[in-house]
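Enquirer: The sequence shown begins at 1 in full-length UniProt numbering and counts up one residue at a time.
None of these hints come from the bench; they were simulated from the model. Glycine included, each C-beta is placed from N, C-alpha and C at the ideal position. Treat the hints loosely; a few may be bogus.
[Unchecked claim] Distance windows between CB atoms, simulated:
{"id": "1", "residue 1": "Ala-133", "residue 2": "Gly-274", "range": "17 to 25 Å"}
{"id": "2", "residue 1": "Val-46", "residue 2": "Ser-192", "range": "44 to 52 Å"}
{"id": "3", "residue 1": "Lys-63", "residue 2": "Asn-138", "range": "44 to 52 Å"}
{"id": "4", "residue 1": "Ile-47", "residue 2": "Asp-202", "range": "28 to 36 Å"}
{"id": "5", "residue 1": "Phe-252", "residue 2": "Ser-206", "range": "42 to 50 Å"}
{"id": "6", "residue 1": "Phe-207", "residue 2": "Ile-47", "range": "16 to 24 Å"}
{"id": "7", "residue 1": "Thr-244", "residue 2": "Trp-278", "range": "17 to 25 Å"}
{"id": "8", "residue 1": "Val-111", "residue 2": "Val-46", "range": "33 to 41 Å"}
{"id": "9", "residue 1": "Glu-115", "residue 2": "Leu-271", "range": "18 to 26 Å"}
{"id": "10", "residue 1": "Phe-207", "residue 2": "Val-111", "range": "39 to 47 Å"}
{"id": "11", "residue 1": "Arg-225", "residue 2": "Val-253", "range": "28 to 36 Å"}
{"id": "12", "residue 1": "Leu-263", "residue 2": "Trp-122", "range": "19 to 27 Å"}
{"id": "13", "residue 1": "Trp-188", "residue 2": "Val-118", "range": "48 to 56 Å"}
[Unchecked claim] Derived DSBU-like pairs (lysine-lysine); straight-line CA-CA distance at most 35 Å:
{"id": "14", "residue 1": "Lys-161", "residue 2": "Lys-19"}
{"id": "15", "residue 1": "Lys-57", "residue 2": "Lys-161"}
{"id": "16", "residue 1": "Lys-161", "residue 2": "Lys-63"}
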Amino acid sequence: MFLAVASTCIWGLFPLLFKTVTHIGALEVLAHRSAWSLVFVTLLMVIMGRGREIFSKAFYAPKTLRIMAFSGFAIAWNWGIFIWAVSHNLVLQSSLGYYISPLMSVVLGVVFLRERLVPLAWVAVGMAALGVAILVVNLGALPWVSLGLAVSWSIYGLVRKMAPVGSLPGLYLETLMLLPWALAYIGWLGLSSGEAFAFGGDVTNSFLLAGTGLVTAMPLLLYARAARILRLSTLGVLMYIVPTAQFILAVFVFDEPFTRAHLAAFALIWLGLGVYGWSSTRPRRPIVPVL
Numbered sequence: 001m002f003l004a005v006a007s008t009c010i011w012g013l014f015p016l017l018f019k020t021v022t023h024i025g026a027l028e029v030l031a032h033r034s035a036w037s038l039v040f041v042t043l044l045m046v047i048m049g050r051g052r053e054i055f056s057k058a059f060y061a062p063k064t065l066r067i068m069a070f071s072g073f074a075i076a077w078n079w080g081i082f083i084w085a086v087s088h089n090l091v092l093q094s095s096l097g098y099y100i101s102p103l104m105s106v107v108l109g110v111v112f113l114r115e116r117l118v119p120l121a122w123v124a125v126g127m128a129a130l131g132v133a134i135l136v137v138n139l140g141a142l143p144w145v146s147l148g149l150a151v152s153w154s155i156y157g158l159v160r161k162m163a164p165v166g167s168l169p170g171l172y173l174e175t176l177m178l179l180p181w182a183l184a185y186i187g188w189l190g191l192s193s194g195e196a197f198a199f200g201g202d203v204t205n206s207f208l209l210a211g212t213g214l215v216t217a218m219p220l221l222l223y224a225r226a227a228r229i230l231r232l233s234t235l236g237v238l239m240y241i242v243p244t245a246q247f248i249l250a251v252f253v254f255d256e257p258f259t260r261a262h263l264a265a266f267a268l269i270w271l272g273l274g275v276y277g278w279s280s281t282r283p284r285r286p287i288v289p290v291l
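Working from the sequences, and respecting the hints, build out all of it.
Expert: Structure (structure tokens):
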């Protein structure tokens, strides 16, 4: 249990780290996070005795690579929005997005995997949609950060569900796919403008940017070990620590605006998550799969 809580707490506290690099462009931070994640994930695989998987032919099967390239795009999309949101004081929207994502995943499961839902699950999805609608009406614009994070994370989960690799090897392949872009962008910045980390630039920035890769890989190791001994349902509940920690940071540490509209939206989404959680634990008759 400790390992699972530790991993989710680290994820939930991500805004604290990314607040330290807000003076650096979001794309540059994303490029470094992608490149350094590959470095640390590779080290973790070696430490865990899984280094041989890197050289397995099955690991690089064309179908697997196509799937992982798409999931790599989805995770980069998610990381990019999150980094931008933190640098623009939108951590509250980030929290909302990660609260919505489980219900967004439900919708994607229905659309792409032809999964069937009980009526209460649809009620939960409707509550989340109503919560977003309240924000749209009161803010006069779509909470695109929340929706972007929810959609990208849900698509990532959907694609990874089809991938024949585990979480750590999967992240290795995803960041490997992103490496050419990351190195090209970092190199271009170094040659054209001497940005924050141009191969030997500012030491503090260098450590901070390298740290984004470490904090990406480390919680995965803890979570992977916890997953071996805890029930999936327990892990699912613990994952709500992530948006909850972000919510607390946004409101009480970063002092972001929290209006009545935000309260109503969050209340509806929290209620929707509760309804969905309750509906998923109710006994039901076996469902005949759609062929």
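Enquirer: So, for every hint listed, does it hold in this structure?
Expert: Hints versus structure:
no.	hint	result
1	Ala-133 to Gly-274: 17 to 25 Å	19 Å, holds
2	Val-46 to Ser-192: 44 to 52 Å	35 Å, violated
3	Lys-63 to Asn-138: 44 to 52 Å	46 Å, holds
4	Ile-47 to Asp-202: 28 to 36 Å	30 Å, holds
5	Phe-252 to Ser-206: 42 to 50 Å	31 Å, violated
6	Phe-207 to Ile-47: 16 to 24 Å	21 Å, holds
7	Thr-244 to Trp-278: 17 to 25 Å	19 Å, holds
8	Val-111 to Val-46: 33 to 41 Å	39 Å, holds
9	Glu-115 to Leu-271: 18 to 26 Å	22 Å, holds
10	Phe-207 to Val-111: 39 to 47 Å	43 Å, holds
11	Arg-225 to Val-253: 28 to 36 Å	29 Å, holds
12	Leu-263 to Trp-122: 19 to 27 Å	24 Å, holds
13	Trp-188 to Val-118: 48 to 56 Å	51 Å, holds
14	Lys-161 to Lys-19	32 Å, holds
15	Lys-57 to Lys-161	21 Å, holds
16	Lys-161 to Lys-63	14 Å, holds
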